Amino acid sequence: MQATLTRRSFVKAMAAVGAATAVSTSYSSALSTTDKAWAATDSERTMYVSCCHGCIQVCPCKVYVENGVVVKIEGHPDGPTSQGSLCLKGLNQIHTCYSPRRVLYPLKRTGERGVKDAKWERISWDEAVELAASKIFEAIKKEGTYSFMVSVGGGGSYSFMQAMTLPMALGSPTVFEPGCAQCYLPRNAAAAYMYAGADQSIADCAVLEPFKGLAPKEIAKGVKPDTKVLVLWAAQPSVSQTAQSGRGMAELRAIGCKTIVVDPNFSPDAVKATIHLPVRPGSDAALILSWYRVILDEELYDKDFCRFFTNIPFLINPDTKLPWTAAEVFDGHVDPDPSTPAYVCYDQISKSVQPLPYGDPAVLKTQIDPAVVYEVEVKGKVSRTAGKVYRDEADPWTLEKTEEFCWVPADRIREAIDLYAKAEVAGIANGVASDMEETASQVPFGLMGLDMIMGYVNKPGATLTQNTPAAPGGPRPTHNWNGFSGMFGMIFGIGYQTGATPEQNEARIAAIPDEWDPSSPVPPFMTKTWLYALNQLMIDRLGMKNHKGLYEWCHSHIPTVREAIETGEPFHPRVWFDMSGNKFAMLGSAGAWYNAIMNGGVDFIICQYPMMTSFQIECADLMFPMEEWLEATGATEFGQLNYSFPCPGVIHLGETVPNTVPPQRVCNATAALLNDYIEQGNKVVFGFEGAKVGVASRNNGSYYHGNTIDTSKLRFPLGMGVMGGANSEKESWTAHIEKFKAFPNLAPKLEGVTDREGMLKAMANDPDFYGVTPPDMYWIYDQHLVPAADGLPTGFATESRKCEVYVQLAIKMGRTGFPYCYPIPQEAVDPSVATFDGDYSPICNVPKQKEVPASLSDPEGFAEDPSDEFPLALTSGRVYYFHHGTMRHAPFAREIYPVPDVRINPETAAKYGIAHGDWVEISSRRTQGEPYDPVTRQGTKTAEPIRGRAYVAEVVAPNVVWMERFWNPECFDNSVPAEKRTGGWQECNVNVITNAVDCRFNEVFGSYTNRGFAVNIKKSTKPDLVWTEPKEFAPFMPNNENQYTPADAGVAINNAALLTPIVEFNDPPTTMTGGF
Amino acid sequence: MAKRCLVIDLDRCSGCDSCIVACKFENSIELGNYWCRVNAIGPTGKHPDIEMYWLPVHCQQCENSPCVGVCPTGASYRDTANNVVLIDKGKCIGCQYCIYACPYGVRQYNEEEGVVEKCTLCNHITATSDGNENFNDTTDPEHAVPPCVHNCSCRARYFGDLEDPNSAASKAVEAAGGIGSAKVHSLGDPSGAKPTTLYILSPEIAAWKGLQK
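Keeping their order, the protein sequence lines are chains D and A.
Adding 3 to a residue's 1-based position in the first sequence gives its number in the numbering used here.
Adding 54 to a residue's 1-based position in the second sequence gives its number in the numbering used here.
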C-alpha cells in the first residue's frame, strides 16, 4: 500500500511541532506492518540520543521520531565541546536519510556502464553476495590474488578497517582512499616518526587540549582551559567541524586565547584571528623556515627541552646523514642500555665533542651544555648539529625574502613569531593543505619540530599532549611499526619495534611459530609463512618503492594504482570493491580515472554506499545498500574529549546494512569458492600470473614477487580475515552495547539489554547516558618525565628516546623501508625523487615546486617550469555545507550553496573582466594540450575545463583563486532526459584540474597536488544541467519517488514496506580458519 | 511591553548558515524562502589588511512594526500575551503590503499557500520562555529557545525579552556593556520602525557597518 503525499505536505508533516493533527493519517496506516517498537509509539514523539556522523567529528544529538519517522534533530547539550550545537551538516541528515537518491536494496546494473545507459535491477542479498564473490573468484583464479583491489573514503565515511583487511584476507596488496596521503596520513605519520605521540590535526580529533574546560559542567568540576596561543596552520575548524571544533574555537576566543591563522583564504577562523598570515598556496615550507630562522637566531626556543629532550643538539655524520652515536665516536664507549644509546654533541662547558647521554635534564644540565646550532669536526669530518642543519636550510628565508615568496608582509610574520614563541604556552594545529601539496612531509616535520623546540610538549595548553597516563616504573617506551603504529597488533605484519634492540627484535620473530598454533604467545594467525606473505604484500604494494611513508597506513599510491589499471603494469587490478562515495569528486585528475575505467581497465566494480553518486551511476556494476547514520549503529568510535557517546541507529529503511556486512559476507563467500578450488587440487597464484618479477613500473610501482608462496596449503580468508566489524546488524548492536557496558555508570543501566530496542530505550531519557573518563585520568601532562624502571625519565618511544626534530627515521626509511619493511628490507627510493641529496629530507625544506603561477617572483629558481598560460595559484578548502563528497543531494544545503564559489580578488577579477556572480571557466594543464596517453605518457589533457561562480572580494590575494570540491547530482536526475544526462562530475569539480598524473609527488608519502598549482580563468556561462535556483532542488526533497528502485519495490518515507526492521541473515558467522 | 527578540553576538558568529537550516526544518519553509539570512559584511579594506563580519538578519521585532500598521486584514498582529509580531495565515490575503513596508526585507511570500511568512521567534515553542535554556529538558516551555539559537554552532544567538533583565538576551547585552556601549548595535532605522533586535560586535573584529556590505 502506498499512500500519496506531496513533497510539501510531507515536509510539513515532518516538521509539525507538537501538533499531532498535522501528521497525515497516511502515516499511521502505512505503519501498520512495521515493527512494534515504532508502531507502539502511535503519533507520539519519542526522543532518542545518538551522534551525528555528518563529518569526522562526533556531536551528540537528540533525534525525535514520530511514527517511525525522524522529524527533528538537535544538538545534545552534554557534548563537552559542541555543548548543544549542531551544524547544518547534522541538521540536513534528515534529507540525506530520506533522500530519493538513497540506495535501499542491492542493485545490479543491467545496461552498459555510463550514466546514459544506467539501468538497475533489484536483486536479493544472497544474489548480490554471490555475484560479487564469483567475480572476485574468477579474477583470482585466472590471474592471481593481486587482481583484486579495494578502495574506501576518508574520515567520516562508512568503512575503514574492512577496506584495509578485505584485500589482505584475499591475498591482495591493493587498497587506497582518496584522503590518506592527501589527508592526514602525513601529519599522523610525522608525529609517529618524531615522538610517537598525538599529532597536530585538529580536524581528526588529535588536538583536544585547547578545548579542555570550556563547558560549564567541566568548569564546575574544576577543569580549566590553558591554551594561551593557538596557531591554526591551514586549518579552519569553524568550517570543517562547525559545531564541535568550530564551537570550541568560538569559546576559546571568547575567553581571550590569541590565534594565528595561516591560510590563503580569509576563512572564518582567519576573520576572527589575532594575526592572519595569508600565505601563497604551496609556499608554507618557506614560511615555516622563516620562523626557525628567527627562533634559532634569537634563541627563543626552550633551552632545557631543546637540549635534553630533542635531537636538535646531535651532531650529524655528513656521510650517513644520521646522528653520530657515542659508540661510533668514542673508543670503548658502552651504553649501559643499548636500547637507549648516547649520541654526540658539542659541549659548551668543556668546549669539546662529548657523548650526550639520555637522562634527566635537571641532572644533565649541571654537567653538560650541548650546543644547539654548531659545527665541529668529528672523526675528521665536519659535522653540524641537527640545529645547524636546520639553521642552514632556513638561511635564505629572511623575513623580507619570505614576504616575496609567500606574499605575506614581513612585519606580520614577525608579529606572529613573537606571539607564538614568546607565549607562556602555545601550540600549532596543522590542517590538511600541505597533505595536498609537494611539501606533505616537509610541512608537518617543520611544524611538529617548532612545537618541540619551543618545549610545547606534554604541557597544559600545548597541542602536543597525550591523554593517557605514563606508567611509573615502566619499561623504556617502544613503538611498533606494523601499520597504524601497531594499533591493530600484528595484523599488517610484524614491523620493527623502535626502542628495542636489534636482538630483541630478532627474538620477536623467533617467537613466531612456523605453523598455526592457538597456544602461541603471539596471535595464532601469525605464522612465519604469513609473516613472509605480509612482508611481500607490503613490498609489492603499488607505489611503495618511492613513497614508503604510505606504509604507516598500509595504503597503495593512488596514481600508481591508476597506472596499473591503465597499463596492466606491474600487475592488473581487475575487480574493484569500493566502499565509499564519489571517487570522481575526490580523486585528483578525475578525468584520467574516468578514462582508465571506461576504457575497459576494470572488469567489475562492486560498490557500497547509502547514495548514488557520479561514481556509482557511471561505473558500479553492483551496489550494496548502506545505512545512513540515522540507521547505523556505532559507525564511528570517536568521542568528544573525555566523553564517549553512544551512536545507536534510531530507524531503519529498506534492506540497508551496516558498512561492515558486505565486506564480511563477500570475503567469506569468495573464500569458500577459493578453498573448494584449492582442495580440488588447483593452484591459486599468490601474486599476479605473468607479471615480470623484479621489474619496477615506470613511475613508482615495484613488483618483486617471485610467486614462491606455496598456495596448496593456503586457506582463505588469510590472516584475521575481514576485521572491524559485524557480520550482521545484530552483531553490530551487540558490540555497541558491550562497549558501553564497560563504563561503570552505564553497566547497571545496560544490564540485560541485548538488542536495539532495549538500548534505545535505556539511553533515551537518561541524563547520564554517556561514558566519561574522569578528568584527572585524561588531562595528563609531563608523561615523559615520569621515572621509568631504569630510573631515567620515561621519554618518548623513538630511537633516541627524545623528540626527533631531525627526523632520522626518514633517512633510514628511504633507504630500506625501515622500520616498516622488517624483516625483509625494501629497495631504496629513487634518488631523483628524494630532496635531501638522494634521501628523504629529515627536516622542513623547500623543494622545487611544479606548476607554480607565473605571477611568482622567483629569482632563486624554486619554481619549476612556470607557465605564462597559467598565471594564478589555485587553492581549496572546505565550505560549511558539505563534508568531503557528501550532501550535494541535500536541498537545504544546495539552495544556499548551489554551485562552488570561485573566490577571486577584485584586482584579478578586473584584469579578466569578471564580475561577482559571473560564471568562470577554470583550466589547468589537465584540460590543455594533447590527450594524455597512459602508455606513452605523452599528452596532458584528461578532461574539459571546469566552471564555478565568481565570488569577487578581498577574501584572497591577487593572483590566488580558491575553489572547493563539488559535484552535481542533478545532472543525472530522472527529470533530465536520459540522453542528456551526465555523471555530474565534470561540470564544477575542481578535482578535474588537480594533478595526480605528472606532479612532483611528495617524496615520503607520494601525495599528489590538489592545491597550490597554476590555473587560468575566463568568463563563461552556466553548465546546462547544473541547478542554481532554490526551487530547482525540489526533486531532492524527500518524496514518494526513489530514483533507483523499481516502483513496485516501494520507496519513500510513508511507505510501510520501506520502514523495516533490521536486515537479518540466516547463516551463522564464519570463524577464523588460520589462513596459512 | 515585552521586547522579545534575538540578540546576536557577531564576535562569535562564523557565518555557517546553520541557523537558516534549523529554521527551515522547524518551520517547514519551502525552497527559496528564508526567515533568517546570514549576510557577509565585507571584507572591507585591501588585502591583506581586511576585516569582515557575518550579520544574521530576520524579523527585527520592531517596536513600531510598520508591517502591522499596513496590513489591511489584521493578519499581521502582535501576540496579546507576549507582544511578539506574528502573522495569522488564516487572515492573510497575500497582498504583500507588509513586504513593502518592512524596512529589513525579512518577510517572505509563500507561493504555495499564497500568504506572507516570517520569523516568529518560534513562538509555538517559546511563547512563555525566558530564553535561559534548560539543558536537561530542551522542550521545557518556560525555557525553550528557537532551534536557530539552540543549534547555533558558535553560541552566537540569544533569545528573550529585553525588558526582563534575567532573560538570556538581556544578559548577553549586559555582558557586552549594555545598550549604548561601543559593542552593542542595531540595524539602521531610517523609517523609525525601532528594531528591537540587537547585535554585539567588537571593534577589534570589525567596525560596525550595519548591513552595508
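By construction, these hints were calculated from the structure, which means they are not laboratory data.
Computed from a prediction, not measured in an experiment: that's the story for all the values here.
Backbone N, C-alpha and C fix where the C-beta goes; we use that ideal spot for every residue, glycine too.
Please note that the accuracy of each hint is not assured.
What the hints assert, rightly or not - Rough simulated footprint, nothing fancy, chain A against chain D, three-plus residues with beta-carbon under 8 Å:
(1) 108-118
(2) 266-279
(3) 1026-1034
Claimed, not checked - Restraint ranges, calculated between C-beta atoms of paired labels, are given here:
(4) D:E47 with A:P244: 44 to 52 Å
(5) D:D840 with A:G264: 37 to 45 Å
(6) A:Y163 with D:T1031: 17 to 25 Å
(7) D:A981 with A:D243: 28 to 36 Å
(8) D:D120 with A:G168: 55 to 63 Å
(9) A:G168 with D:D606: 52 to 60 Å
(10) D:G117 with A:L265: 45 to 53 Å
(11) D:T277 with A:D133: 29 to 37 Å
(12) D:K1034 with A:T134: 46 to 54 Å
(13) A:L265 with D:R940: 50 to 58 Å
(14) D:A745 with A:G264: 52 to 60 Å
(15) D:P777 with A:G264: 44 to 52 Å
What the hints assert, rightly or not - If you want a taste of the chain D side facing chain A, the calculated C-beta under 7 Å gives, among others:
(16) G249
(17) G774
(18) V775
(19) P777
(20) E898
Now the hints, each set against the structure:
1. 108-118: violated (count 0)
2. 266-279: Satisfied; 6 residues make the cut.
3. 1026-1034: holds (count 3)
4. D:E47 with A:P244: 44 to 52 Å: Taking Cβ atoms as reference, E47 of chain D and P244 of chain A lie about 49 Å apart, which means the hint holds.
5. D:D840 with A:G264: 37 to 45 Å: Given range 37 to 45 Å: violated, Cβ gap about 59 Å.
6. A:Y163 with D:T1031: 17 to 25 Å: 20 Å, holds
7. D:A981 with A:D243: 28 to 36 Å: Since the Cβ atoms of A981 of chain D and D243 of chain A sit about 55 Å apart, the hinted range of 28 to 36 Å is violated.
8. D:D120 with A:G168: 55 to 63 Å: 43 Å, violated
9. A:G168 with D:D606: 52 to 60 Å: 57 Å, holds
10. D:G117 with A:L265: 45 to 53 Å: 49 Å, holds
11. D:T277 with A:D133: 29 to 37 Å: 44 Å, violated
12. D:K1034 with A:T134: 46 to 54 Å: Because 36 Å falls outside the window, the suggested range is violated.
13. A:L265 with D:R940: 50 to 58 Å: 55 Å, holds
14. D:A745 with A:G264: 52 to 60 Å: 54 Å, holds
15. D:P777 with A:G264: 44 to 52 Å: 49 Å, holds
16. G249: Nearest chain A Cβ about 5 Å off; hint holds.
17. G774: 19 Å, violated
18. V775: 16 Å, violated
19. P777: Given a least distance of 21 Å, the restraint on P777 of chain D is violated.
20. E898: Holds - the Cβ of E898 of chain D comes within 7 Å of chain A, reaching about 5 Å at its closest.
Taken one by one, the earlier hints fail for this structure at numbers 1, 5, 7, 8, 11, 12, 17, 18, 19, listed in ascending order.
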